[in-house]
Amino acid sequence: MSEKTTPTDLAPFSGVARALAAAGVRYVVIGVAGVNHYALTAGVLFTTRDRDLFLPPDPANALTAWQACGAEGFELWCGDEPLGQPLDEVLARQVVSRRALVRAEGHGIFVDLSFVMASFSFEEVWPRRRIFKVDGVDVPVASLKDIVASKAAVGRPKDRLFLATHEDALRQLGRRRRGTPPKSER
Amino acid sequence: MDEDEDYEELVRILAPFRAMHIETGPVVLSDEYVKMIEEVEAAPENQSGADKTWIEESEREFLEYFARVREDNPD
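Residue numbers (the working numbering), protein chains in the order written: chain L, 1 to 186; chain Y, 1001 to 1075.
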């Protein structure tokens, strides 16, 4: 494989992950995409176009992350507007101070760069992260327990729906692994 | 049926759902759920260094499949 791969050569998120890793950006994958990394079979994958990344409230780190996404052909948005130009530390300090979410859009996916993970600070989740390989790239993912706990803490309808579905999926997975049929089939 | 009638029909169908009370707020996770999460995290496949490329590939296949879907309505 050549050193520089085009986004279409890789799975949608891999190009971003490669660029973030090369730039030394600190982040962890959270949200449904984070949960998917712990799936033991394709049957428990949750389909999503979103990749939620949790970043520390560090303007320099955020700026590097935005630049890496931009270099991969993603458009950067903050709320309903394009992220201002120039991308510099002044802008990064403003965005971080407001804990505003920046969305990188491109290649069919949305990469949400967030400074907020309900109930957790970045420094709490960072030591508990797992580092998985995706297309040969190291991808740091928050612990499954932290991601689920964060969703439970927020408890929006979509979080509640996710938690109920995920719990059921894990229960079914456990039954299959133990070879126990569900009650309806006994 | 014209577009206005379609819209009114849709509003009528959705009315009961709009009136539903949807709970929000923190959720307490059951002990069983937390135990299952711990078991999944402890699985050999979920330790640092594990290759998860198949997950992104599944996602890409999903996106590509639906990008090819076209409406084919003979009416």
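Rather than coming from a laboratory, the hints here were simulated on the basis of the structure.
Errors might be hidden in some of the hints.
Stated by the list, open to error - In the DSBU-like style, the derived pairs of lysine-lysine whose C-alpha atoms are separated by at most 35 Å in a straight line are:
#	chain 1	residue 1	chain 2	residue 2
1	L	K158	Y	K1035
2	L	K145	Y	K1052
3	Y	K1035	L	K133
4	L	K145	Y	K1035
5	L	K133	Y	K1052
6	L	K158	Y	K1052
Hint-by-hint comparison with the structure:
no., hint, in the structure
1, L:K158 / Y:K1035, "holds, 23 Å"
2, L:K145 / Y:K1052, "holds, 18 Å"
3, Y:K1035 / L:K133, "holds, 26 Å"
4, L:K145 / Y:K1035, "holds, 10 Å"
5, L:K133 / Y:K1052, "holds, 6 Å"
6, L:K158 / Y:K1052, "holds, 25 Å"
Every hint from the earlier list agrees with this structure, and none is contradicted.
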